[in-house]
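Given the structure of chain A, go ahead and fit chains B, C and D onto it with the hints provided.
Chains as they are written, first to last, in the numbering used here: chain A, 2 to 363; chain B, 2 to 363; chain C, 2 to 363; chain D, 2 to 363.
Hint data in this document are derived by calculation from the structure and do not stem from the laboratory. Note that this is a predicted model, so its numbers are computed, not measured. Among the clues, some could well be false.
Computed spacing ranges between beta-carbons, pair by pair [as the list claims (entries may be wrong)]:
(1) C:Asp26 to A:Arg361: 44 to 50 angstroms
(2) C:Glu280 to A:Arg51: 31 to 37 angstroms
(3) A:Ala47 to D:Asp223: 41 to 47 angstroms
(4) D:Gln360 to A:Arg70: 45 to 51 angstroms
(5) B:Ala21 to C:Asp26: 34 to 40 angstroms
(6) B:Ala21 to D:Gly179: 43 to 49 angstroms
(7) D:Ala276 to A:Ala212: 55 to 61 angstroms
(8) D:Pro128 to A:Arg70: 46 to 52 angstroms
(9) B:Arg229 to D:Gln360: 54 to 60 angstroms
(10) C:Arg146 to A:Arg361: 53 to 59 angstroms
(11) C:Ala14 to D:Gln360: 29 to 35 angstroms
(12) A:Gln350 to D:Pro128: 34 to 40 angstroms
(13) B:Gln360 to A:Arg27: 33 to 39 angstroms
(14) A:Arg27 to B:Arg18: 18 to 24 angstroms
Note that the Cβ used here is the ideal one computed from N, Cα and C, for glycine as well.
Number of protein chains: 4
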Amino acid sequence: MTHTPLQGFPTLADLERVAAERVPDRVWAYIQTGAGEERSLEANRAAFRRWSLRPRVLSDVTSVDLRSRILGREVDAPLFVAPMAYQREVHPEGEEGVARAAEDARVLSIFSTLSSASLEEIARAAPSGPRWFQLYLQPEFARSRELVERAERSGYSALVLTVDVPVLGVRDRQEAGGFAIDASVPTGNGPGVVPPARAPSFRGPTYELPANAAANWGILDDLRSISRLPVILKGILSLEDARRAARHSMEGIVVSNHGGRQLDGAAASLDALPAIAEEVGSTLEVYVDGGVRRASDVLIALALGAKAVGLGRPILWALAVGGGEGVREYLSSLSRDLATAMALTGRRQIAEIDRTLVQRIP
Amino acid sequence: MTHTPLQGFPTLADLERVAAERVPDRVWAYIQTGAGEERSLEANRAAFRRWSLRPRVLSDVTSVDLRSRILGREVDAPLFVAPMAYQREVHPEGEEGVARAAEDARVLSIFSTLSSASLEEIARAAPSGPRWFQLYLQPEFARSRELVERAERSGYSALVLTVDVPVLGVRDRQEAGGFAIDASVPTGNGPGVVPPARAPSFRGPTYELPANAAANWGILDDLRSISRLPVILKGILSLEDARRAARHSMEGIVVSNHGGRQLDGAAASLDALPAIAEEVGSTLEVYVDGGVRRASDVLIALALGAKAVGLGRPILWALAVGGGEGVREYLSSLSRDLATAMALTGRRQIAEIDRTLVQRIP
Amino acid sequence: MTHTPLQGFPTLADLERVAAERVPDRVWAYIQTGAGEERSLEANRAAFRRWSLRPRVLSDVTSVDLRSRILGREVDAPLFVAPMAYQREVHPEGEEGVARAAEDARVLSIFSTLSSASLEEIARAAPSGPRWFQLYLQPEFARSRELVERAERSGYSALVLTVDVPVLGVRDRQEAGGFAIDASVPTGNGPGVVPPARAPSFRGPTYELPANAAANWGILDDLRSISRLPVILKGILSLEDARRAARHSMEGIVVSNHGGRQLDGAAASLDALPAIAEEVGSTLEVYVDGGVRRASDVLIALALGAKAVGLGRPILWALAVGGGEGVREYLSSLSRDLATAMALTGRRQIAEIDRTLVQRIP
Amino acid sequence: MTHTPLQGFPTLADLERVAAERVPDRVWAYIQTGAGEERSLEANRAAFRRWSLRPRVLSDVTSVDLRSRILGREVDAPLFVAPMAYQREVHPEGEEGVARAAEDARVLSIFSTLSSASLEEIARAAPSGPRWFQLYLQPEFARSRELVERAERSGYSALVLTVDVPVLGVRDRQEAGGFAIDASVPTGNGPGVVPPARAPSFRGPTYELPANAAANWGILDDLRSISRLPVILKGILSLEDARRAARHSMEGIVVSNHGGRQLDGAAASLDALPAIAEEVGSTLEVYVDGGVRRASDVLIALALGAKAVGLGRPILWALAVGGGEGVREYLSSLSRDLATAMALTGRRQIAEIDRTLVQRIP
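If we strip away everything but chain A, and leave its shape as in the complex, we get (with noise of 0.2 angstroms):
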């Protein structure tokens, strides 16, 4: 067996203490860090320990085939690589490097408004994809416009609206490792892309909050009006929400609490997602991510009725570590360790994989 970019660093935390030695400090800040007193980013992973796995024996499980389909796309493991800004700070090949290892691996990569790379560039880098466009809305409509046709001209498969983010959450401790979501940190999409901004400190009786955080429900119908592509809202928590992004048409949804970045003590995604996804799962796709590790919490979210799950830091310590073929290489091993899960609770296929697969720990 040749030499691999992981090699070394056989556990998930080996990966994650390496990584931290490799990205610079600030960065670090920006990437491990949550909102707050990072309650809702320990929230994501005690949330995976209230369940417990039901294995199950004897079923002949030679093959075990990881296939999904998203949006009715083909995919080869119900797996997708949560949109994360700025990737180059991480590593010089950045999204690039990111997307051709989700593209191999045929896993659903979704890129941020506020890639290092542009969007052009990653669809040059990874043209079959799938790859979908994360949106953050701007200051003016006409520049989202500018941003939702650019990606489907580059192929970009669906637009996955961030709704979480009206206002940028207050994130101490990224701010204490000098790291600031502003115009210092490059990217590719272009000089006028605006990112998300914190609150205004305070100025009279009333907070004026940054012209994105205007957008209501009516703004999918302007995003409608602009493009054919799919529709998935990220950040839903609530099930008044979830319906009502249903009622929307939309094509999905994905369950978030922003990886525990916006607002502090924002529920788990996982504690969100049994009651949304029985609720709205029949009419629309319910993709959840935030704090998914490995591969018993795939399975537990799947089990919970997540048609897709979403990887975000542990992407990013691949990436620091061994660039995109670190991803490549967490990808496969995540979808080897899927595969021998499936094994051990019986399920040959991704179908199979119900809620009967889980239980509450006592």
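Frame of chain A, contents of chains B, C and D only:
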């Protein structure tokens, strides 16, 4: 942006750490410790971690308004500075610095009978308020009456009668740190002001406790007879006492375990809040303090029925580090974060904060 | 105020720490350890932390009276010193120091069959008591009878029959510390007194346990036949046994897991208390020990139905540090803190302590 | 008393610590680690801590009898040595030492397909047993048949078919420690014996797992056709599989998560036990292993319905420290402690252990 006192201490943990270095050890022992084993001190914090917030999206939150009314008076945020004694021990600016900061922020502040500055000095420092006066009953009612009359003359707009200190709590750690609540600590309201006292050592089959332990509900009639100011009872944790406060036509109550400093093992303030607010919240105003640190805490407390939320130790940390200006900066930062948290839960006004904003963590 | 033995050790943790330095390691291993993995030892403490106290206000608590009656005799607090063996190993004053301290405090004390001082010496040291005698059944009933008769002659006013040591628990840590409960440790009640023994090493398909493992409920008739003293069973944790004790007309029971020293994994004493007290508390007196450290613990136990609350290890810590005078000071301090806690919950008399004083922490 | 191998290591923690020093690091990594993040490894221990024991008193327990019947054969304790591979890696005496120790203690032992000693050598070392043979299905059934026939010829009295390893679990920490389960580790049952294998790296949209992943319930008919030995399925955690085992007339099942080494996140063995034992316990014998360390654990498992309780890692620790004699001493000590625990819960015979012996910790 100009240099501000708290700059360089970006997280609350930083602030606490630096404050610990700035104040003498014996004062730190006074500020930080709780009664007995500090179960209630810790319980106050733990109680918040049992709730999660439910973000709401696409709600058009460009303008977020924190204004509230407390006893009919408009303030710029549903917060208050809890009454805390001896503030000049923490920083030379003491209560006057705090009063100015709260006035600037148009936030209610409450000052203790045991303030370092006299209540008149505080009033002069921040004449427009809003300010309330916290009363420790004096051994002779005539002395309580003098204090009340002075407060009324100096423009304090309500009386906060502390009812959870018939006798001083058992504060091992404070005493171990060398801080005694007695005549050795200078106070501003006159040499005749008597602080609450510990139970005497045992001298027979019964304990004769200090005079103000004699107070019963009749004291409220006495107070009404000498002042037309609204009366708030501070230190209620049981539904029975809350109901009784309502029957005695109190204007408000503060659900509080006295920062975990009185009865070790007393319920966390937040745990006591929901039932009390539901039962008497339409009859009188229900406030809460204890364990509030961040905007998410404030939001949880408001959602569980508090009309305003009190801040204790963080105010002293900010005072220790930056004087009155530090307090101003802390209040400003907290308000900004509260506006952010409201935006992230789709609330544009305080009145929109309701019980659906929170849920128990499973 | 004159110098007192415990001065300078203001918190219970200080007292414990200093005691650890004062007594030989092997004795410390005897005092502190529990059976097996010490699950029950820790469970005793954890059980208290599942309850919170409900303060009550404005109740006129100038005079707080701790007096109670235990088996009809008035004592100055609803406390008792639990029976603990070998007290001269801890301090030269041993049981005599403890007895004098309890007598001065008018608190019930119970002395062990395995006391370092003879029961007569203890009686001479504290003639007015109240004192009870704890009985370990002897291999021959005649020897048990001798002990009972001696206790009766020396003015012990009740017999406490320990029923949870048919065989000695598995005390790995005590043994690892070099302390064995056997003839190597001198006792005062005569060379013929036999301490409980470990199960023998395996010698075939069945274990023949020491003679006193033979005791069944019939032993109570035997005891009644030789003494008119009230009989209390110590070491009850099940409702079935509590009921049976009531049917056998016992005067009282001590709900106890033997300080976590007998059956590792046995329920915490406090967890077993409420159901037992509710069921048999009107028929006989129900006491509890295990994990009681502070006044709040005492209050919780009383609220859950205990008629009196036993103190174990803290008595030995105080004895180690200050001899009998240390115990007196600890009892005085605990009583004072109990009076404080009663005042803070609006109780003026022990009889006013009821179930509404506590609630489960959510 | 003569010197014994484990003397000087009085607690189990000592034994574990010393064992860690005695065996090579790579072997220690094999013994101690679990799959993935070791959630199931830890869950096994945590599950026991959710139950407490209910002592019973005055039950005349002079004679405590641990004898039980397992599949009709009398043994001296309801324990068994779980099958564990490669025991000569731990100590030169390996399986033969363990077999002799178990035989002396008249305790059932189970030996692995992957034993270091051949099954014939083990049988010669401990001819009277009782011994069972654990079978890993071989790629070709003919090889499985050979193993079964050899076991039958050598006097193994039952077959234990491991059903929770269709593919080897993901054992990061074991691999990080340098231990691979493959042909590099010598085994005694012949060069042709194939250990379970990891899932292959990804090679397209489906994973083709090793041959023994093909096993389904039909394999049981195959086994019956080649042997008249009773068959026990090891590795059942779901009620559905337990029922199915009963319908296939299995003689027993081992409720087990494979020591937390197979599916990370799998339910704790003990958590799965009660429902399974209640449902099928009258049809077949239900055993359990996983996390059992002390007599209290054994008692809890028996009370929750296990007919016998398996020991894993502690056996290897004892083997590492004292060879076969160490195992004998551990078994003897555990039996003695079990007799003690039975006495303290008022049980004289194994048959008296019932569900009333335990309760959930509140």
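A quick look at each hint next to the structure:
no. : hint                                     : result
1   : C:Asp26 to A:Arg361: 44 to 50 angstroms  : holds, 45 angstroms
2   : C:Glu280 to A:Arg51: 31 to 37 angstroms  : holds, 35 angstroms
3   : A:Ala47 to D:Asp223: 41 to 47 angstroms  : holds, 45 angstroms
4   : D:Gln360 to A:Arg70: 45 to 51 angstroms  : holds, 49 angstroms
5   : B:Ala21 to C:Asp26: 34 to 40 angstroms   : holds, 36 angstroms
6   : B:Ala21 to D:Gly179: 43 to 49 angstroms  : holds, 46 angstroms
7   : D:Ala276 to A:Ala212: 55 to 61 angstroms : holds, 56 angstroms
8   : D:Pro128 to A:Arg70: 46 to 52 angstroms  : violated, 60 angstroms
9   : B:Arg229 to D:Gln360: 54 to 60 angstroms : holds, 59 angstroms
10  : C:Arg146 to A:Arg361: 53 to 59 angstroms : holds, 57 angstroms
11  : C:Ala14 to D:Gln360: 29 to 35 angstroms  : holds, 32 angstroms
12  : A:Gln350 to D:Pro128: 34 to 40 angstroms : violated, 49 angstroms
13  : B:Gln360 to A:Arg27: 33 to 39 angstroms  : holds, 35 angstroms
14  : A:Arg27 to B:Arg18: 18 to 24 angstroms   : holds, 21 angstroms
The structure is inconsistent with the numbered hints 8, 12, although it conforms to all the rest.
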